[in-house]
Amino acid sequence: MNMFHTIFATRLIFILGLVNLVTGFLLLFSCRIVPAFKPTRNLMQHPFYKSVFHYHVYFWWIFWISVIIHAVFAINLMGWPFR
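Each residue of the sequence shown is one higher than the last, beginning at 958 in the working numbering.
Just so you know, the hints here were simulated from the structure itself, not pulled from any lab data. A portion of the hints provided could be inaccurate.
Label-pair restraints from in silico Cβ distances [stated by the list, open to error]: (1) Ala1028 x Pro1004: 35 to 43 Å; (2) Met1035 x Leu984: 19 to 27 Å; (3) Ile964 x His1011: 32 to 40 Å; (4) Pro1038 x Ile972: 17 to 25 Å; (5) Phe965 x Val1009: 29 to 37 Å; (6) His1003 x Phe1039: 39 to 47 Å; (7) Ile990 x Pro1038: 42 to 50 Å.
Quick caveat, the model's predicted, so the values are computed rather than measured. Ideal Cβ positions, reconstructed from N, Cα and C, are used throughout, including at glycine.
Kindly produce the complete structure, drawing on both the sequences and the hints.
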């Protein structure tokens, strides 16, 4: 049985999609450009933001590894859409 056509692969794609969304938001809100937006201007003053910003580099690693695994499983399960 092909590993990519199992219920495990479908669940993994779904979970990695959620990980992509969460880490995407974490990257957006832990970026230094956030203070440029008016609603989030005072965000950098809070200790919580400083602790989250400390892990910004690690969020990128989690995000890209998750995106690559998600894409590999999704393409192998669903097929390449441009044939």
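Legend entry - Hint numbers contradicted by this structure: The structure breaks only hint 7.
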